[in-house]
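**Student:** Sequence:
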Amino acid sequence: KELANAQKMATSTAARLANPGFVNNAPENVIAGARQQLAEWQAKQTQIEERLAALEG
1473 KELANAQKMA TSTAARLANP GFVNNAPENV IAGARQQLAE WQAKQTQIEE
1523 RLAALEG
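Taken in order, the sequence shown gives residues 1473 to 1529; the numbers are from my numbering.
It should be emphasised that the hints constitute simulated quantities derived from the structure, not laboratory data.
Ideal placement from N, C-alpha and C gives every residue a C-beta, glycine not left out.
No false leads were slipped in.
Just the calculated beta-carbon pair ranges, DEER-fashion:
1) A1525 to N1501: 33 to 41 Å
2) I1503 to L1527: 33 to 41 Å
3) E1500 to A1526: 37 to 45 Å
4) S1484 to E1521: 12 to 20 Å
5) E1474 to G1529: 14 to 22 Å
Kindly generate the complete structure, drawing on both the sequences and the hints.
**Tutor:** Following this line, the structure appears as structure tokens:
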């Protein structure tokens, strides 16, 4: 459940950053915040995957 949420949020944030309209029109601090959020969601996703692997292995 947590993994699915992290994946969903990372995908959503990555899609926003891939949108030229967002990147060209948003203030730099908003873009920087989105990049930070993406990094955090990706780190969370990796952390959850590692915990799951430890439980399975």
